[in-house]
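Protein chains: 2
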Amino acid sequence: MTADQPPDRRAPDRHSRESGNLQSPRIVVTGTIGLDTVETPFGKVEAALGGSASYFALAASLYSSVSIVSVVGEDFPAGYQELLTRRRIDLTSVARLPGQTFRWGGRYRYDLNTRDTLFTDLNVLTEFKPVLKEAERAAPYVFLANVDPALQAQALDQARQPRLTMLDTMNLWIEHSRDALTDVLRRVDVVLVNDEEAREYTGEYSVFKAARAIRDLGPRIVIVKRGEYGAILASDGGYFFLPGYPLEDPRDPTGAGDSFAGGFLGYLASVDMALPEMDGAALARHPSMASIRRALVHASVVASFAVEQFSVEALVELTPEQVRARFRGFKRLTHFDE
Amino acid sequence: MTADQPPDRRAPDRHSRESGNLQSPRIVVTGTIGLDTVETPFGKVEAALGGSASYFALAASLYSSVSIVSVVGEDFPAGYQELLTRRRIDLTSVARLPGQTFRWGGRYRYDLNTRDTLFTDLNVLTEFKPVLKEAERAAPYVFLANVDPALQAQALDQARQPRLTMLDTMNLWIEHSRDALTDVLRRVDVVLVNDEEAREYTGEYSVFKAARAIRDLGPRIVIVKRGEYGAILASDGGYFFLPGYPLEDPRDPTGAGDSFAGGFLGYLASVDMALPEMDGAALARHPSMASIRRALVHASVVASFAVEQFSVEALVELTPEQVRARFRGFKRLTHFDE
Chain E
1 MTADQPPDRR APDRHSRESG NLQSPRIVVT GTIGLDTVET PFGKVEAALG
51 GSASYFALAA SLYSSVSIVS VVGEDFPAGY QELLTRRRID LTSVARLPGQ
101 TFRWGGRYRY DLNTRDTLFT DLNVLTEFKP VLKEAERAAP YVFLANVDPA
151 LQAQALDQAR QPRLTMLDTM NLWIEHSRDA LTDVLRRVDV VLVNDEEARE
201 YTGEYSVFKA ARAIRDLGPR IVIVKRGEYG AILASDGGYF FLPGYPLEDP
251 RDPTGAGDSF AGGFLGYLAS VDMALPEMDG AALARHPSMA SIRRALVHAS
301 VVASFAVEQF SVEALVELTP EQVRARFRGF KRLTHFDE
Chain A
1 MTADQPPDRR APDRHSRESG NLQSPRIVVT GTIGLDTVET PFGKVEAALG
51 GSASYFALAA SLYSSVSIVS VVGEDFPAGY QELLTRRRID LTSVARLPGQ
101 TFRWGGRYRY DLNTRDTLFT DLNVLTEFKP VLKEAERAAP YVFLANVDPA
151 LQAQALDQAR QPRLTMLDTM NLWIEHSRDA LTDVLRRVDV VLVNDEEARE
201 YTGEYSVFKA ARAIRDLGPR IVIVKRGEYG AILASDGGYF FLPGYPLEDP
251 RDPTGAGDSF AGGFLGYLAS VDMALPEMDG AALARHPSMA SIRRALVHAS
301 VVASFAVEQF SVEALVELTP EQVRARFRGF KRLTHFDE
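Line by line, the protein sequences are chains E and A.
For the first sequence, our numbering assigns the number 1 to the initial residue and increments by one for each residue that follows.
For the second sequence, our numbering assigns the number 1 to the initial residue and increments by one for each residue that follows.
Because the hints were derived from the structure by calculation, they are not lab data.
One should not assume that every hint holds.
No copy is singled out in the list; a pair is fine if it fits within one copy or between any two copies.
Cross-link-like lysine to any residue pairs, in silico, SDA-like; alpha carbons within 25 Å at most [to be verified]:
hint, residue 1, residue 2
1, K331, R293
2, K331, N194
3, K129, K331
4, K209, L112
5, K209, E74
6, K129, V45
7, K44, F119
8, K331, F208
9, K133, Q309
10, K209, G43
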């Protein structure tokens, strides 16, 4: 704020322009909000709150302010809206369109590693075009959750010099929209994939070679998720490995990846992380890499809580104290002395 | 040595009794010495030095003195004997019997995770009965490499109050000699299994529950190997997770598990580790647990080198400096600050 711009003039201006939103959110996410019907060996929920943007935003809101750009139908329950806004997640860019909300149904097998999709009703999602309002365009952290890469690109086009951009995807787009995916991949800083997607997209069996092939396209960081085996972060500053948190009774893996992304970007936004322009050896020692390692631990911690309950149940109850305790648990799990 | 036992009398006594071996080895291993024919997508070797005891002893000899209790046939090449004795591995308890040495042939598929056994010719192994000489019975560290659990029990019967005993096994014994395996499992301190074996033996899908079920039988420590995903160590002092070292070009996984065991027990023998009798919380803070964590890192480091070459090629050339460098590499891979 400069001396010739008094606070009493500036605030109302922004207020009127942003329809109630006084400040830019720290994080903007574009993705889905849906109603999930999920069956696992441990129970079943019907039309529960789901979607990549919901999981991501609930996770990230533990750390930072988040705004969602998405769409719902007329049937979207007020109670679910309340679950999100109670965490101060900005929903003013979530369009409510005539018709039904996106619905997905799936069943997990006994080991929770394999799932069968029972139905996917896109409904109002077919009409989704991401439109970021002015404050969202200025958000320093941008997450392009798993949707059609053409829509991810449209959202990214509207962002104004974000500090860090991150993208998630899935095999559907790798198989059917490869070129569009490659176009948007080239433009982001961090790519989140699982090991199968990394192999399928690059044709490299080794996840290390696959991560390098993706980084060669432009992204500075590639995070390869390996399910129960944890995650690998590959950057110019070297690899970082984190195991999966040892859960004896995971109940519902739905949304684990989006919760992971929320913990990661939420933490980075809370510490104002920016990736410096430097080469490998210098980057390895740069404080930003220490932040990125911590962010991956937060990502895993938040995801580990998310899968202990159905739908977003665990995320809406999660406290910073619980996160800190499990963060220390991760340290006990992994550290050793020389 | 006591005052009434002059050194000039004692040494020749021991010498004559031990046929050239003046001192107890730090480690005694009973297992196989074999001739392996191995084909991977990266090459092929024929009748190369193999067997669980060979890999283990070469790995452990980087740290401590090792004696092998095993058997070979008349065809066992002098050159292979020389590879072992050059590392001061004691072979005086390796019987040379009429007939052929144990031979195994296998082919690995493109991802190196799946292998097909082409032949298993037990040959002189069918006549193997482990007989530990006096000095070996006094060895403080005992490794029962993967053989028939009845033979493992016979070897263990001969050990006199060892400080630490460790056992490896395989699915064959889980399926066909389950009771004998359980009997010997109950008597050792450390059990080494891979995730599939842990699941098969216990019937628990979760490796954490499986490790607990094995510890409930008696072993203080269970190490679950997860191939490229690393290893989990479960003890009363908590879990310790270590990722697999990121190898872009592994060539031959044969002997990885035995090299892993050799690095683990070799390191513990070199620091004189003993497991204290105490409960979980106190054990977690005890220096012995820090040694055990370091030992698992050494295990992974040595195994990571072993798989970069065919047969025992990498192990016979490996130096402590290379091990230390990769140990530091593991620290960079896994550590984070609070």
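Hint check results:
With identical chains, the CA atoms of K331 and R293 are at most 25 Å apart both within one copy (12 Å) and between copies (13 Å). Both within a single protomer and between protomers do K331 and N194 lie at most 25 Å apart by alpha-carbon distance, with minima of 23 Å and 24 Å respectively. For the homomeric pair K129 and K331, neither the shortest alpha-carbon distance inside one copy (42 Å) nor that between copies (45 Å) is at most 25 Å. Within a single copy, K209 and L112 get their C-alpha atoms only as close as 27 Å, which misses the 25 Å cut-off; across copies the closest is 16 Å, which meets it.
In this homomeric assembly, K209 and E74 never come within 25 Å of each other (Cα to Cα): the closest approach is 46 Å inside a single copy and 45 Å across copies. For the identical chains of this complex, K129 and V45 are neighbours neither inside a copy (29 Å) nor across copies (59 Å), given an alpha-carbon limit of 25 Å. In this homomeric assembly, K44 and F119 come within 25 Å of each other (Cα to Cα) only inside a single copy, at 15 Å, whereas the closest approach across copies is 48 Å. Taking CA atoms no more than 25 Å apart as the test, K331 paired with F208 passes in both settings, with 24 Å inside one copy and 18 Å between copies.
Taking the closest pair of Cα atoms, K133 and Q309 never come within 25 Å of each other, the shortest separation being 34 Å inside a single copy and 58 Å across copies. Only between protomers do K209 and G43 lie at most 25 Å apart by alpha-carbon distance; the minimum there is 21 Å, versus 39 Å within a single protomer.
Hints 3, 5, 6 and 9 from the earlier list are contradicted by this structure; the remaining hints agree with it.
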